[in-house]
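Given the structure of chain A, go ahead and fit chain B onto it with the hints provided.
Number of protein chains: 2
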Amino acid sequence: MSKQKPSIPKGTRDFGPAEMVKRHFILDTIKKVYQKYGYAPIETPAMENLSVLQGKYGDEGDQLLFKILNSGDFLSKTEEEDRHDSKTLQPKISEKGLRYDLTVPFARFVVMHQHNLTFPFKRYQIQPVWRADRPQKGRYREFFQCDADAIGTNSMLCEAEIVLMIQEVFKNLQTKKANSLDYAIKINNRKILSGIVEVMGAEGKETDFAVAIDKLDKIGEEKVKEELKERGFAQSAIDTLSPLFTLSGDNAEQMNFLKDFLKDSEKGQKGLAELNEVFDILESFGAKVPQLELDVTLARGLSYYTGAIFEVKPKNVEMGSICGGGRYDGLTDTFGLPDVSGVGISFGVDRIYDVLEELDLYPENAETSTEVLMVSFDEESWKYCLKVLHRLRTANVKAELYPEPIKLKKQMKYANDKQIPYVILVGSEEMKTGDLTFKNMKEGTQENLNAESILKRFLGYE
Amino acid sequence: MSKQKPSIPKGTRDFGPAEMVKRHFILDTIKKVYQKYGYAPIETPAMENLSVLQGKYGDEGDQLLFKILNSGDFLSKTEEEDRHDSKTLQPKISEKGLRYDLTVPFARFVVMHQHNLTFPFKRYQIQPVWRADRPQKGRYREFFQCDADAIGTNSMLCEAEIVLMIQEVFKNLQTKKANSLDYAIKINNRKILSGIVEVMGAEGKETDFAVAIDKLDKIGEEKVKEELKERGFAQSAIDTLSPLFTLSGDNAEQMNFLKDFLKDSEKGQKGLAELNEVFDILESFGAKVPQLELDVTLARGLSYYTGAIFEVKPKNVEMGSICGGGRYDGLTDTFGLPDVSGVGISFGVDRIYDVLEELDLYPENAETSTEVLMVSFDEESWKYCLKVLHRLRTANVKAELYPEPIKLKKQMKYANDKQIPYVILVGSEEMKTGDLTFKNMKEGTQENLNAESILKRFLGYE
Chain A
1 MSKQKPSIPK GTRDFGPAEM VKRHFILDTI KKVYQKYGYA PIETPAMENL
51 SVLQGKYGDE GDQLLFKILN SGDFLSKTEE EDRHDSKTLQ PKISEKGLRY
101 DLTVPFARFV VMHQHNLTFP FKRYQIQPVW RADRPQKGRY REFFQCDADA
151 IGTNSMLCEA EIVLMIQEVF KNLQTKKANS LDYAIKINNR KILSGIVEVM
201 GAEGKETDFA VAIDKLDKIG EEKVKEELKE RGFAQSAIDT LSPLFTLSGD
251 NAEQMNFLKD FLKDSEKGQK GLAELNEVFD ILESFGAKVP QLELDVTLAR
301 GLSYYTGAIF EVKPKNVEMG SICGGGRYDG LTDTFGLPDV SGVGISFGVD
351 RIYDVLEELD LYPENAETST EVLMVSFDEE SWKYCLKVLH RLRTANVKAE
401 LYPEPIKLKK QMKYANDKQI PYVILVGSEE MKTGDLTFKN MKEGTQENLN
451 AESILKRFLG YE
Chain B
1 MSKQKPSIPK GTRDFGPAEM VKRHFILDTI KKVYQKYGYA PIETPAMENL
51 SVLQGKYGDE GDQLLFKILN SGDFLSKTEE EDRHDSKTLQ PKISEKGLRY
101 DLTVPFARFV VMHQHNLTFP FKRYQIQPVW RADRPQKGRY REFFQCDADA
151 IGTNSMLCEA EIVLMIQEVF KNLQTKKANS LDYAIKINNR KILSGIVEVM
201 GAEGKETDFA VAIDKLDKIG EEKVKEELKE RGFAQSAIDT LSPLFTLSGD
251 NAEQMNFLKD FLKDSEKGQK GLAELNEVFD ILESFGAKVP QLELDVTLAR
301 GLSYYTGAIF EVKPKNVEMG SICGGGRYDG LTDTFGLPDV SGVGISFGVD
351 RIYDVLEELD LYPENAETST EVLMVSFDEE SWKYCLKVLH RLRTANVKAE
401 LYPEPIKLKK QMKYANDKQI PYVILVGSEE MKTGDLTFKN MKEGTQENLN
451 AESILKRFLG YE
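If you read the protein sequences in the order shown, they are chains A and B.
Under UniProt numbering, the letters of the first sequence match residues 1 to 462, in that order.
Under UniProt numbering, the letters of the second sequence match residues 1 to 462, in that order.
For the record, the hints were derived by calculation from the structure and aren't laboratory data.
Wrong hints could be hidden among the right ones.
Said to hold, decoys possible - Covered by chain A, according to a simulated footprint, are these stretches of chain B (three or more residues, beta-carbon under 8 Å):
(1) 8-18
(2) 33-40
Said to hold, decoys possible - DSS-like, lysine-lysine: derived pairs with alpha carbons at most 30 Å apart:
(3) B:LYS32 / A:LYS22
(4) B:LYS313 / B:LYS22
(5) B:LYS5 / A:LYS77
(6) B:LYS267 / A:LYS383
(7) A:LYS383 / B:LYS31
Ideal Cβ placement from N, Cα and C applies to all residues, glycine included.
Bound conformation, chain A alone (with noise of 0.2 Å):
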């Protein structure tokens, strides 16, 4: 074995203590609420059939699949003419990949496991997603999904539990007083969408308008009406849609106006009767959302959303979608269990962890740093402190003993680097008195105090 200089496949990444510490906070404060709302958690393999995972994400998702070579002699089962191009030979080389989102998956598990499930069954995920995308700043080849799905059921109650559950993780997300973050939850309704289609009078062209559409935040309205000109659409058709551009008022104000501007679309007037729903459910519960907007622009790429979408936008913090979702049906038609319809969302894990830092909005006090160092001058005063860590350990203290009484500086910087709290230094006087020297890292304070009482502390009974 050679020396060698170690790194890691682009787009991937090394997570240390430091960003452990933050990661976990978010996944569990998301984890926490998908639990209140009765979702329960699933996990998949990494490695899915490619029978299952190819055609279900467009041309383009195929080629970002991770393609597993098949183990062994894995040449053995191809003929020499299947050995000229990559396209051909792929296929016979390769038979798994590593999951490229958790809706796929998800859908499979659903179908194979659809006798042993109660629905409507709703379940949470958190797990890595690889996609073989060129790496950029935010784009990882590697990245955490965390879904909540609800499927089975068609209640809009679903919908309006899914606007709490956001509400609910950021609120839980901000445990400063000092900053926040100001989001909008944005909701629309595919069949809002297919309505203003209609009244477009541009049937069929449901898609075209949705890609466009999508891109006002970026591009602007009149990048967006060139766009659909290219796409097709006729001059009177996009003119039609010039008040929504302008559309402002409350969502009650937005609501009213679409009702007429979609009077004629059965398809349309289903959608707002959703909407509405949503917004009737919501009140009943007592439950104030201010953060909720309607925006009949959010239209959301994926093309198998069939109802409600949503999406959530920092307002004080230049930042793309932190978290969206919508209701779709026939998610699990592909592997021959039709007329299922569901409804979930996915927070960008990523997204909201350099959110937070943005904002430094991290808790202080992290959940998994040790809370006390104990220091010793020598080899006497280090066994001494077995006993007090023993003491401290058994009362769930998170601490630590340096391994070594080395020099006094060393130990100090130790607990600097780790950024824990307390020190707790015991040298022949400490051990001669029993009372230890307890010091405040942060404060740079310190007193005697024996271990009973310095126990006390931790347990907050002084």
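Coordinates of chain B only, in the frame set by chain A:
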């Protein structure tokens, strides 16, 4: 897309809600203990460069690595003559692989981040690993490892704390009074094994000795002796071993015997001194560890151990080792960072899962499940439920409302299937009086209570 019956790759598993709750229980228990002893979490990517993984696990290990096909036109960088056999072609079309364990990625992590880490560096890591092994009962192609390692210190404090962590994990996994897991924490030291080989006059054959003696549990003394003979040990050398096979008495008595047996081996004496120090530190802790058993025949096949060796073996259930580890030197040598000593353990999560299942040790009320389901009789009472639901959730009660006011029987089945312990039924009578029907699903009893009284029950006030 044609309809297909979906499947998952052999050797992989889906985990449904019931399994996830149990797995979370095990992993959270281990995680909390790791944290209490000052170990901090890290995570590394699933994919590593093959240059990092290959050559670290022996030839067999290299075979068992899952390799990822390069993206895009993977054949473009190969020549006609590369394509005749798999061995030649593989390195040209695949540069990444899935991690095989957590140890090599950890070594890579330490080397890459050495300038930002605080030494001694104590990390834990809980992530899946992948091996293209032949699947069989209890052996999977994707499974979780759950490692803790302390590197950059030679202090035997780490060994002593590993013993305490093991004891605490298995104590905390046993929440039921009725049943319990009986187990031994076996300890040995690689230097003692080397000493024995020296006493046998067979220096240089440490690995052969370790491999053979490791099978003692499975094949018995006679067969081990046969294997030693096959591996070229002289009969006289094998005879020297006899007293070790019948060694009895407590740890102190065995230590006494070994002191004499190994008197001519410096290495053996060093091993005994290290072991003695571990016992000493445990005594200074004031900890009682009746489970700790010196076992001079414990070898663990892995040749990279250089000091302490650990293994946990259940005694009242048929099962192999459920936790193992030891001290190693030179883990990071291969990546160009010499002289780093470390010691670590790994819990076998899948086996522990089966042990707890067999002994019925899982706690009854699982962390993730819904505490109460609201059930309604019609549209009106369904709406009425929303306010109560909101009130419960605001007080952090995990609560659900069945999404539609369908047949009572179907709603109750949902509660049963999800093992929800309480149900609140609301019909016209309940709405009139405000006294809701509160049903204990396990006892089958029910009471009429208003919403606030029900809430108090969940908060533990009444």
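Hints versus structure:
1. 8-18: As far as the segment 8-18 of chain B goes, the hint holds, because 8 residues have Cβ atoms under 8 Å from chain A.
2. 33-40: It holds: at least three residues are needed, and the segment 33-40 of chain B offers 5 whose Cβ sits within less than 8 Å of chain A.
3. B:LYS32 / A:LYS22: Holds - the C-alpha atoms of LYS22 (chain A) and LYS32 (chain B) are around 17 Å apart, at most 30 Å.
4. B:LYS313 / B:LYS22: holds, 21 Å
5. B:LYS5 / A:LYS77: holds, 24 Å
6. B:LYS267 / A:LYS383: Holds: LYS267 (chain B) and LYS383 (chain A) sit about 26 Å apart, inside 30 Å.
7. A:LYS383 / B:LYS31: The hint holds at about 27 Å.
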